[in-house]
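Kindly generate the complete structure, drawing on both the sequences and the hints.
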Amino acid sequence: MLKYLIEKEFKQIFRNPFMKRMIILFPLMILLFLPLASNFEIKNINLVVVDNDHSSYSRQLIGKITSSGYFILTEVSPNYKRALKAVELDRADVLLEIPFAFEKNLVKEKKSDLMLSINAVNGTKGAFGSSYLSSIIRDFSSHVAMEWLSVSVSDQTPSFHIKTQFRFNPHMKYPVFMVPALMVMLMTIICGFLPALNIVGEKEKGTLEQMNVTPVKKFNFILSKLIPYWVSGFIVLTIGFLIARIVYKLIPAGNILTIYAFSSVFILGISGFGLVISNYGKTLQQAMFMIFFFIITFIFLSGLYTPVTSMPDWAQTISIFIPLKYMIEVLRMVYLKGSSFPDLISQFIALIGFALFFNGWAVFSYRKVN
Amino acid sequence: MKQFFIFVKKEFYHIFRDTWTMIILLLLPILLLVLFGYALSTEVRNTEVAVLDHSKDAATERIISLLDMSDYFDVIYFLDSPEEIHQIFSDESPGLVIVFSEDFYDNIVHTGEAAIQLLLDGTDPNTAVNISNYATTIIMGYQQELLEIFSAPFQIKITPRFLYNPEMRSSYNFVPGVMGMILMLVCAMMTSVSIAREKETGTMEILLVSPMKPLMIIFSKVVPYFFLSCINLVTILLLAVFLLDVPIVGSLVTLIVISLIYIFVSLALGLLISSVASTQIVALLISGMALMMPVMYLSGMMFPIENMPVFLQFVSNLIPATWYISAAKKIMIKGLGFSSIIRETIVLSIMAVVLISISFKKFKIRLE
Amino acid sequence: MSVVQTEQLTKKFGHFTAVDHISFEVGKGEIFGFLGANGAGKTTAMRMLCGLSKPTSGKGIVSGYDIHKDTEKIKRNIGYMSQKFSLYEDLTVRENIRLYAGIYGIKEKEIAPGTDLLLEELGFLKEKNTLVKSLPLGWKQKLSFSVAIFHNPGIVFLDEPTGGVDPSTRRQFWELIYKAADQGITVFVTTHYMDEAEYCNRVSIMVDGRIEALDSPANLRKNYECDSMDGVFHQLARKAKRQAD
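Chains as they are written, first to last, in our numbering: chain A, 66 to 435; chain B, 1499 to 1866; chain C, -16 to 228.
Treat the hints with care, since some could be wrong.
Claimed, not checked - Computed list of lysine-lysine pairs in BS3-like fashion (alpha-carbon distance at most 30 Å, straight line): (1) K1697/B to K1508/B; (2) K162/C to K1697/B; (3) K52/C to K68/A; (4) K90/C to K283/A; (5) K146/A to K1859/B; (6) K123/C to K347/A; (7) K1508/B to K270/A; (8) K109/C to K282/A; (9) K76/A to K42/C; (10) K67/C to K270/A; (11) K205/C to K283/A; (12) K85/A to K1860/B; (13) K85/A to K1859/B; (14) K11/C to K268/A; (15) K175/A to K129/A; (16) K123/C to K268/A; (17) K109/C to K68/A; (18) K109/C to K76/A; (19) K270/A to K205/C; (20) K52/C to K116/C; (21) K11/C to K90/C; (22) K(-5)/C to K283/A; (23) K270/A to K1500/B; (24) K109/C to K283/A; (25) K56/C to K347/A.
As the list claims (entries may be wrong) - Beyond 10 Å from chain A on every Cβ pair, some chain B residues (computed): (26) F1503; (27) I1562; (28) M1567; (29) K1711; (30) F1725; (31) N1805.
In case anyone wonders, no lab produced these hints; they're calculated from the structure.
As the structure is a prediction and not an experimental result, all values here were calculated from the model.
For every residue, glycine included, the Cβ atom is placed at its ideal position computed from N, Cα and C.
Shown next as structure tokens:
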């Protein structure tokens, strides 16, 4: 009996042109374009300089800053007011003002001042712009020292080097971080929310009632609704792996089968959640809005974009209850750190917990509503 | 005219009588503001640090304590050998492992060969870079201390002034973005779903049979969402100012004017979507996914546009939210006047006119 | 042997009594009309008989199975056609038949020939692969009915099956009902078309949850001194206290 129901579901999905687009095109667009956009890196900081000194040192300083690679000199302004306009209109992020007698002061009194005005609307960018610039300027003063003192710098200026190394992602590729997480988001939508919309749609049309009269057991009916979406979920997951490998050259450090295994549990849980929604949503519009509300909350609090550890405590507490958080951890850890099942036991338990909880709730809420 | 108001009233009833519609309209903006204002942050706090100190002298001690004293780092683990580094990354996942070379202080003073190695978990590049930057800044603070102790010559003092956002709060950056997203969401999604639903349930036909001009019917559907968007705008501004302490430095009037133009653009988008969507689900999926995703990712709301590949930057310029958010930031945060947002105003106005004409045309065709 | 038997069947929703202690019997092969105004309780009563809703009190037996305990068995042995239709618009005629045939346990190899036979009888074999949504309303109704009895149930329940079509199409529909009844299938049909009431063997009229009249149309017309079932209905309905839902 189940076979006939599943046949029907697949046929309906294939006949619906929009569904096909959702399941194939949408994931493709998400996985291909979004990782390219999602980059918080601070680079290409636009710099406007007001050089009141016009000395060789001021020119050297400017040269040093621009050759650092972090800053792009967008303009050299005659006065502060004009330069500020550039910052106001977003043509520049940082304004450097070199005062009159900069070189003279440096040579005679061995110190000088510089004024920095930073567009701090994007606070992070502002902070880093400031700190990058500070280190470049510090470097510059060491060079000046070298020139004038003709002594080895290390004799006069105590210093040390800092070397930075990024593990697990040595080339610091941002898609590495985003692609696994996006796959989880797609699975959530396809296996959790689309079936919920499907069921509520049938409720609204009345065809659900028809099923109730037939000998079809409720369990079989639900199963027949979920299976096509589960299959789609796995297909999308596989497509995700392929795109990750082909487009982003991401090769999982760990075992892909681990991911498939965890995905099964995750999908079970998330479709349970979808079923809960389908029980409470009396109309399609209600269900849609509920889903939208939860997608937003889940996506943002799950650590997809910003790490959970950066969130305030109350947000971290809420994130404990979001299944996506654990699945995203699993994907990232398997892909990037090569973690295997024993490392991921706590996530596994959490996901099983969700599966039991949501499906139990689905059964409970169904009984109540009917 | 009276008929028009009756229709508008009907639309309001639809909205107010449905709990979840009200939730989306009123609670979602608050949810998003809270999320973005408080929860989402690229800042780094309480990062766990592991230290492998080959010198254990005054310098390393000082640096370690500088790190630990800051809000950003908690120095927790102390390693004994390089072999332990790999283990600590897989077991405890500290954000940073810091390694000091031998005879650190001696080398600093005499040879300049002293080295600090920062090892970061690069899984999340954004966070890793942030951590690296914060750590470097703090460590360079020690460098500054050394310079002052040794009164090294040639010090260039830098006085930074942080404009517009002296406390560097990330909410300043996000709130205009959330405004853009909410207004787009309410207008486009709600309007398109509402019209698609009338089409799907067939009640649209009933309306069309009435003596009201078809375009007036469409208009009557749009009007309630226009008002609700205005209410949302006011709510968000109030919350931003009083809850998140985001100021409105510039002219409120200018802000409202540009917001109204943006609302028109979003409503027109909603109309356009409903004219191509045959069912509610389709309307929701198009406005929710196909519209929301680009707005979130490409409008500069979360990720800086200048980091994106060129073709995505091009797409970003096609999104109304991009222009609105840029204008809102200038007025709200930078306190600039109308002259600074002339470009944005022109672009948004053109978009509004174009979209409204296209959707009206499409509707005329369909309804006749 | 009666196919349907109820005794003091009652359904309450809180303080509201939708179905108020109704008792009646329907025999095999009978065409039984279940009439009443909207809100009189017909649909609620029928849902209990189909195993869709649990009675608050009273007894009911359908096809030999208890409506309290054996709802699963009842579902296997009845057919059902609802006013909102039963066919999936985005599946073809053939696919719909296949689905329901499979659900009701007809063997795989019997489905295809059975489908062709059914469609030939109805006269739209060439629409076998047409999407149901493209069919005219009258055809959909006839098809729904045929699908409902495809598995030869003992009784078929029809909930306002002929809404929205012209009288001649409704007549054609009733031809199918007669044919089914001749084959021994009991037909339990709710309707508010009074002319259709005339087509039934016996008719019951529900008012405010109770059965106010139950007899053949001819007897009812005689007893209430009316020319038509319409008149009978109006006499009884005037007593009604409940408004339509």
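- Query: Is K90/C within 30 Å of K283/A, Cα to Cα?
  - Reply: 22 Å, holds
- Quickly compare the C-alpha distance for K(-5)/C and K283/A to 30 Å and report which way the hint goes. Cα-Cα ~25 Å, so holds.
- Task: Quick one: work out the minimum CB distance from F1503/B to chain A and report holds if it exceeds 10 Å, violated otherwise.
- Result: The claim holds: F1503/B sits with its nearest Cβ about 24 Å from chain A, beyond 10 Å.
- Message: Against the 30 Å threshold, does the CA-CA distance of K1508/B and K270/A hold or violate the hint?
- Response: 24 Å, holds
- Query: Straight-line Cα separation of K270/A and K205/C no greater than 30 Å?
  - Reply: 42 Å, violated
- Closest CB-CB distance from I1562/B to chain A, is it above 10 Å? I1562/B is indeed farther than 10 Å from all Cβ atoms of chain A, at 14 Å.
- Message: Next pair to validate is K56/C with K347/A; report whether the Cα-Cα distance is within 30 Å.
- Response: 29 Å, holds
- Message: Check the hint pairing K162/C with K1697/B against an upper bound of 30 Å on the C-alpha distance.
- Response: 39 Å, violated
- For the pair supplied as a hint, K52/C and K116/C, is the alpha-carbon distance within the 30 Å limit? Not satisfied, since the Cα-Cα distance of roughly 37 Å exceeds 30 Å.
- Message: Can you confirm whether the C-alpha distance between K123/C and K268/A stays at or below 30 Å?
- Response: Roughly 20 Å between the alpha carbons, so the hint for K123/C and K268/A holds.
- Does the alpha-carbon distance linking K11/C and K268/A stay inside the 30 Å limit? Given pair K11/C, K268/A is violated - Cα atoms ~33 Å apart, limit 30 Å.
- Hey, K67/C versus K270/A, does the alpha-carbon distance stay inside 30 Å? Cα-Cα ~8 Å, so holds.
Hint compliance for this structure: hints 2, 5, 8, 9, 11, 14, 19, 20, 23, 24, 31 are broken, all remaining hints hold.
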